[in-house]
Every structure is written in C-alpha cells, then in structure tokens.
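Two chains, two frames, a set of hints: combine them into the complex.
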Amino acid sequence: MKNPMLILAGLAALITTLLFSTGALAADVVQKSINVPAVTMFVIFVALTLVVTYWAAKRTRTAKDFYAAGGNITGFQNGLALAGDYMSAASFLGIAALVYANGFDGLIYSIGFLVGWPIMLFLLAEKLRNLGKYTFADVASYRLAQTPIRTVAAIASLIVVSMYLIAQMVGAGKLIQVLFGLPYSYAVVIVGVLMMVYVTLGGMLATTWVQIIKAVLLLSGATFMALAVLYSFGFDFNAMFSKAVEISPKHEAIMAPGSLIHDPISAISLGLALMFGVAGLPHILMRFFTVTDAKEARKSVFVATGFIGYFYILTFIIGFGAIIMVSTNPTYLDAAHKLIGGNNMAAIHLSHAIGGNVFLGFISAVAFATILAVVSGLTLAGASAVSHDLYANVFRHGRVDEKTEMRVSRYATIALGILAIFLGIAFEKQNIAFMVGLAFAVAASANFPVLFLALYWKNLTTRGAVMGGLGGLITALVLVVLSQSVWVDVLGNATAIMPYKYPAIFSMPVAFILAWIFSITDHSVRAQAERDRFHAQFVRSETGIGAEGAVTH
Amino acid sequence: MKKELAEQIQSDPDFQALIHHRTRTNWIMAITVIVVYFVFILMIAYYPQLLAIKISAGSEISVGIVAGFLIIVFAFLMTGLYVRRANATYDVLTARIKETAR
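Listed in order, the protein sequences are those of chains C and V. Each residue of the first sequence is one higher than the one before, counting from 1313 in this note's numbering. Each residue of the second sequence is one higher than the one before, counting from 2 in this note's numbering.
So that you can see chain V by itself, here it is in the shape it has in the complex (with noise of 0.2 Å):
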C-alpha cells in the first residue's frame, strides 16, 4: 500500500472510528477470556476446595465440573458475539472506508 493513501484512509472519519470500536472492544473480549480463564487456573492451584464443593446435597456434580464446562461454552458464545458484531458494524464501515478510498 502506498504511503500516501495509508494517511488517507487514516484520516477517514470512518476509519477512525472503525479502529476506536473494535480495538476497544476486541480488547476488552480478550481481556474477558484470558481473566476467566486464570481465575479458573488459579482456583486450581490455589482453593481446588472450592471446585471440590457439590452443586446441591445429595448431588455428586462438583463446582468444578460445572464451571469448566460453562467456561467451554462461554468460549464459543464469546466467539460467536463477536461474529455478530464485526458482521453487523465492521463490515458496514470498512466497506464504505473502501469506497471512500476508491
């Protein structure tokens, strides 16, 4: 890419603000993943008690199971927001950063 269309492009209101969305929030998705997940690390190696604990009396289902496989679907559904909202605002505005830049 040349030089002079790269200050272009960011000199583009929209681009400008593409790049304030989503690197905020893409930081703050991947912050949220990598909190969840070493507080479940350090549960572990810390207060594996805790995980030990059963969901309700009389049931053999631990803290630890449920929260490991609430944090696979966490994973996923972290995926999937995130599908949802580069499809609905991102690519609206880097198409339109595009035509500008035509």
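Bound conformation, chain C alone (with noise of 0.2 Å):
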C-alpha cells in the first residue's frame, strides 16, 4: 500500500474507460442506449470517493484506526453514517416499489426496520461504546471465554453480512443493467473493485465518508422528488392520496393493510425480526466503536433516527408519486402494462418523469452510489470479524501485532470483495427477496440474544452464549430454508413445511432459552469467575470508566 494515489488514479483511469467504451459498444450492438448524465454523475461521484479515499488512506495507521477511524468520528458524523449504512438501494427501491404495488403495506416495512433504533439506544448503544473496541464481539465476550465467543460471534456475523451482501451485489447487478446498459457481471466487478479499494486503503474513514456523502446524496435527491410529487399537488396531502386511490387498479385498497401479512404469526415474526435484528447487525454495532464516548455514541442514534425515519416518510411519498405519475405513463410501461425493469425501477422512472434525463441520471448514480457504500460497510464489518475476533483473538490468543492484524484485515478484505463479486454472479438468476429478511432474523436470533444477555444478566455463562447463539443462528436457517421463500420459490418443492414467512418469532426464544438452559446448569469454576466478572462489567458498561478513548493526529 506504499503509493494509494497511484493505484486510485489507475483505477479511476480503468473504470472510466470501462463505463464509457462498453456502454457505447453496447448500444451499437444491442442494448439500450448509455445514459450519459448517470455516467457523468457517477464516475464524478467515484472520483470524489476516490479522493477521500486517498485522504483517508493516509490518516490510516493503527488498527484503531482501520477499524474505528482512530474513534475521532463525531457524534452528528456518525449518525449520518449509519443512516447511510442503514438506507441501502434496497429499502430505497424495495419500500418504493412496496409502495407503489401495494399503498399502505410498504410503510409495515419502513416503521418495522425504524422502531429497532430507539431500542438500540435505550438498551444498548451507550453500553457498547463502554465496554467495546473494535467489533460487537468485544462486548459480547468482555467476561467470557474469548475463543467459542468470539468464535461464534464472527459465524453469525459473516452469514448476515454475506447475505446482505448478495441482496446489495445482486440489485447493484440488475439496476445498472437497466440503467447504465451495461452487463450485469460489469457492474458487480465494479461494485466488488471501487469497495475493496475504499476498505483496504482508507479502512473505517473511507468507509464513513463514503457513507455521509452517499448519505447527503440519497436525502437531497429523495427530498427533492417528494416535494416536486407534493408540489403537483399543491402540497395537499387528501389531494395526493385521491388521486393515487383513482389511478391504482387496486384502488382503496391501497390506503389500508393488504396482502403482505394476512397472518399474525407471520406479522409479530416480521415484527421481532425487524425491531432486533437492526440491534444485531455487525456493521451497525461496529459504528458505535467510531465515535469518542457514550455521549456522542447516544447523539448519533438520535440523528441517524431522524434522517432514517423522514427518509422513510420520503419513499413512502415517492411510491405515491409513482402511482400517479408512472403507472399510467406509457413510456414506463412494457408491453404487459408492467413496469420496465420491473417494480424496483418505480423510484427511478419517477425521476424521470420529474426532471427528466439529468435528474434519472442523478437518481440512478445516487442508487448506485448506495449500494458501493452499504457494501463497504458490510464488508469492513465481515474483514473485522474475521481479521480481529477470528485472526487475532482465536486463532493467535491476542498475541499478535498490530501491523500484522491490519494486513490480515485488508487480505480479508479483499477475500470477502472476491467472495461478493462471485456470489453476486452465482446469485444472478436466483430469487434473492428473502435474503435481506434472512440478514435481520439471523442478526436478532443470533448476535442480539447474546449481546443483550451478556450486558443485562449476570447468570449467563460461556456455555450458555455459544448454545443460545447456535441455537438461533441454526433455528432461523433451518425455518427460512424449510418455509415457502426457499423451500418453494427457490427449490422448487410443492407445498413448504414451515408454514410461516418468517423465523423470529420461533428463532428468537430458541436462542434465549438455551442460554438461560445452559447458563443455570452450568456449575463450573470457569462459570463462578465469569459470573463474578460481572460487577466489574456493569460498572465500566455504566459509566465508562476504563472505556476506549480516542486518539489524536
């Protein structure tokens, strides 16, 4: 890593080269002509990200600083962080597109993946900043044995970021096809390239600022759209709504529940999946190791809620938008009357009916942009798990030098940028809508139990947490591989055995009782002393006494 700006420029230069030629040579032969404001606006965004990427390359030093960005990241600058984590292209496209198909049953999702956030930051956030350093295992086995903890906690953590990673690879794979014309392997090369470029040069700094930017981005061009859709309107909402009742083939429908919960196990499942799983997810919990204390660590909830939730109240608007603005417009339609590109594209060709090529163009680099910056994130969170719980703390017992733990971060870091680009491809064909669903139930039957057990009952032992952990990791595998999105959609079987959508509901108290189970009966000397580590634990998790601090440049 002796020269980054050389191998940045080089890329740049390459990807460039690469959007431009094959676009043209792909509207020669078959494909749908290039868009050249997206283009533009695209690579100017890379090349932004590049040099922050530089900037942030050369403020990389320490581990602290990979992982954590030296813990110097504000509390504001963080919350705009993990808002830009948390709103990928798929709540962007997918609520939008929720919306658009179905009214009211795209805002069930968007309140279910919000309320997990004040939960966070009542139960956990200050906790986890007290107690961690690097990744959530830090906390989760701050009194227990650090190999099967640790050990458990990075499994569970590359599941859910490998599964969030092919529902990102795969929608980055599919939107640039309809929207640049380029191929779909393309995209995920260039998607899975530009992030192990951010990860592995600029570690957790890059990674922030590529979030915050993408993040301004994304709200600026949402916020625009909602207010040209409410200003068609006059800004009256009852107008708005009527009209969209009028147009929609489902007509009053759309204003009340429909068909995408129909019955209660499955809602309260959806429900518990989506309020902890936010708790439970690695690149989530890992942001709160960036920020200097528990102060700042409680103001970046508080400002990531409120962007997460009016970005919420945005795309709920942008799919009403595109109810009265798209679904009647020939040019968005194929031959069927279905969407070109399918629902996901709502968002997007309602940016062309508002501002035409530019603002598509815009709207499309920013999609773009979002996935690039969410697998980022996924990624430096999944390269810890496996560089500092795995490497250092299981493999080497602690006893390992930080030089050698950042390089075998970035070597992880690029396996895992390899290992996306390939499951992106393999994924290509595949049915992926339960993934992101999969990501959350695993994250809330998995690492949340033993997170929270860990900070809130003195009781829980080693064993205890490896067998709750285990426990609900397997369980949520088990029943979404048994239940109609993979037993049926994707093997192709007749009928599912597991009648409900969603695991959580059975997942969840799987992994708290056999904790509890196995924590009660467990009468070892090794249990007593973890038992007694506990006081200790409480203390420093109140008030920070003994907490990580930030360093200075």
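Rather than coming from a laboratory, the hints here were simulated on the basis of the structure. Each hint can be trusted.
On the chain V side, residues computed to face chain C include the following (Cβ under 10 Å): (1) Met30; (2) Ile35; (3) Tyr38; (4) Leu52; (5) Lys55.
Heads up, the beta-carbon is just placed ideally off N, CA and C, and yes, glycines get one too.
Now the structure itself:
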C-alpha cells in the first residue's frame, strides 16, 4: 500500500474507460443506449470518493484507525454514516416499489426498520461504546471465554454480512443493467473492486465518509422527488392520496393493510426480526466504536433515527408519486403494461417523470453510490470479524502485533470482495427477495440475544452464550430454508414445510431459552468466575470508566 | 477494571442513584416503543378494517396512514427525549462518579 494515489488514479481511469467504452459498444450492438448523465454523475461520485479514500489512507496507520477511524468521528457524522449504512438501495428502491404496488403495506416495513433504533439506543448503544473496542464480539466476550464467543459471533456476523452482500450485489447488477446499459457481471465487478479499494486503503475513515457523502446525496435526491410530487398537488396530501386511489388498480385498498401480511404469526415474527435485528447487525454495531464516548454514541443514534425516519416518509411519498405519475405513462410500461425493469424501478422512473434524463441520471448514480457505500460498510464489518475476532483473538489468542492484524484485515477485505463478486454472479438468476429478511432474522436470533444477555444477565456463562447463539442461528437458517421463500420459490418443492414466512418468533425464544438453560446448569469453575466478573463489567458499561478513548493525530 | 474499584463505585450513592434512575427510565421507554409498535402490528394482523377507516368524511387519508406517520415521528421524539434526559441528568452523575472514583 505504498502508493495509494497511483493505484487510485489507475483505477479511476480503468473504470471510466470501462464504463464509457462498453456502454458505447453495447449501444452499437443491441442494448439500450447508455445514459450519459447517469454515467457522468457516477464517475464524479467515484472520483470524489477516491479522493476521500486517498485522504483517509494517509490517516490510517493503526488498527484503531482501520477499524474505528481512530475513534474520532463526531456524533453527528456517525449519525449520518449510520443512516447511510442503513438506507440501502434495497430500502430505497424496494420500499418505494412496495408502496407503488401495495400502498400502505410498504409503510409496515418502513416502521419496522425504524423502531429498532430507539430500542438500540435505550438498551445497548452506550454500553456498547463503553465496553467495546472494534467489534461487537469485544462486548459479548468481555467477561466470557474469548475463543468460543468470538468464533460464534464471527460466524453469525459473516452469515449476516454475506446475505446482505448478496442482496446488494444482485441489486446492483440488475440496476446497472437497466440504467447504464452495462452487462450484469461488469456492474458486479465494478462494485466489488471499488469497495475493496475503499476498505483496504481507507479503512473505517474512508468508509464513514463514503457513507456520509452518499447519505447526503440520497437524502437530497429523495427530498427533491417528494417535494416535486407534493408540489404538483399544491402540497395537499388528501389530493395526492385521492388521485392515487383513483388511478391505482387496487383503488381504496392501497390506503389500508393488504395482502402483504395476512396471518398474525407472520406479522409478529416479521415485527420481532425487524425490531431486534437492527441491534444485531455487525456493520451497524461496529459504528458505535468510531465515536469518542457514550455521549456521542447516543447523539449519533438520535441523528440516525431522525434521518432514517425522514427518509422513510419520503419513500412513502415517492411510492405514491410513482402510482400517479408512472403507472399510467406508457413510456415506463412494457407490452404487458408492467413497469419496465420491474417494480423496483418505480422510484427511478419517477425521477425521469419529474426531471427528465438529467435527474434520472442523478438518481441512478445515487442508487449505485448507495449500493457501493453499503457493501463497503458490510465488507469492513466482515473483514473485522475475520481479522480481529477469528485471527487475532481466536487463532493467535491476542498475541499478535497491530501491523500483522491490519494486514490480515486487508487480505480478508480482498477475499470478501472476491467472494461478493462471485456470489453476486452466482445468484444473478435466483430469487433473492428473502436475503435481507434472513439477515435480519439471523441478527435478531443469534447476535442480539447473546449481546443482550451478556450485558444484562449476570448468570450468562460461555456455555449458555454459545448454545444460545448457535441455537438461534441454526433455527433461523433451517426455518428459512423450510419456508415458502426457499423451499418452494428457490428449491421448487410443491409446499412449504414451515407454514410461516418469517422465523424470528421461533428462533429468538430458542436462543434465549438455550442460553438460559445452559447457563444455569453450568457449575464449572470458569462459569463462576464469569459471573463474578459481571459487576466490574456492569460498572464500566454504565460509567465508561476504563473505556477505549479516541486517538489524536 | 479492578474488582476493588468496581465495588467501591457500586457503593457510591451517586452510582446507585444513576443506576436506579436510568435503568427504570430506559426500560419504561423501551417497553413503550415495543408496545406501540406491536399494537400497530397486531392491528394489522387482526383488525385491518379499523386502520382502513377514513379520518374524516370526504378525505381519502386512512387512520392507518396517520398512525404510521405518527409512529415514525414518535420513534424519533423518543430518541430525542432520551438524549435530552441523558445529557441533563446522567452525564452529571457520571462525571461525579468518575471524580469520586479517582
């Protein structure tokens, strides 16, 4: 990593040529013509982020810099970056698409995605900051045995990260295919390579600023779209909803709960996974170690909740705007009167209806940038699980120097990047709608119970935590495989063995019950020592005495 | 943290006041959010027709949409309330505890 500038410049040139040349080539042959404003704006975004990466690379010297941006990010910056991590293209395009197709039902997801944030603030955020260093496994294993706890945490983290990565990579490939006229695999490779550059060279600092830039762009673009929709109705919500009800083929039904959730068990199960899944997502939890202290950690959740909530209100308006301005316009429909590129394109088509090719280009570039930023955050979290938890603490038992650990984390980043590209291509034709839901279910059933009990329940022992974490993880995975979305939709069986759509209502109790049983029956000497250490952990988690500080440059 | 220091801090009245106050408020706030959210989810599952009611005659806006928007605003306000309380009360107590422990 001697000369990051050279690598960056070469890469920027390569990507620019790749984008323009293949676009032109594709246009010559069959594919739709290349969207020049979109590519231009995307290239500008990439150039800007590469400059940021160069700046961050010079400031990334120690492990603390790499994993936690030196602990110097402010609460407000971290709040924006958290929002950036969370507002994925899946939630932007996906929720707008849900609202476009079902109206009210889209709001159910938005609210579920949001309400986990206050819970995380009240119960976890400050304690995490006070106890942890780089990963949430630091906190879970604070008074427990390092090797087993970190192994389980790292496995669960890597599963969550991979599921999320697949969803983002496939989304990126499909989006780029439609928008830029590029072949699917090119898009996946571009995303993978850029993400590897950001993370390996600039670590958490570059990732944070890429998130912030993207969050600002996404919020600005979405605000403009929502305002444009409202403006056309003189800011009269009732007029907007009335028009949508009139136009939508479902009419009145779009204003009330519909077909998305029909049985109570699935509804509660989805609610549990969304609410507690946030507090188990490794890339979100990791962000709490980038701020100076618990005070900044709490401020960052407040800021993040505000931006995310605001963003979901915007996507709701955007979805309704698409019903009104897109669904009846033949420009955006194919021969079968379906949306060109599928319902996920609702927000993208709306941007064209509002601001023509230039604004379409802007929103397309923002959507691509969003995917890029989210995969960077995910990859950094995955790489940290490998280098900090598995390599440094499990494999080397903490006896490793910083230089080596950082080198391993960079190798891990590259390995994960290659894996992400491979998975993105492998899953191109698969139905991946369940991936993000599965990531949330695993996070809520494996990571959250272990973390929560480690902080709140004195009697939790290593044995209980391992059994609880693994039990929740395996139950969630098995139930998803046996449910409609994999057993029938992917594997092609006639009927699903598991009748409900979401596993959390079963897998979360399994995790808690196993953790409880295997802890209270644990009478080993180690278990007693772990219970004894609870008080010191409690005092530090509440007061921050002895917590990791920021470094000054 | 040394066990002796932890024990000393735990017997500090400021620490006990902090824990008593904060633990209670945090749980009350968390349970409030959980209850509000699951009442909404259970309404969707069991009484969707209630959420379909229009807020007034001649309006297309349904109770469900208003409730949804209010929950988003409510979640944000709860985090704000927590931050204000923590900045005003908890940080002062924590600073005193740290001072005493020194």
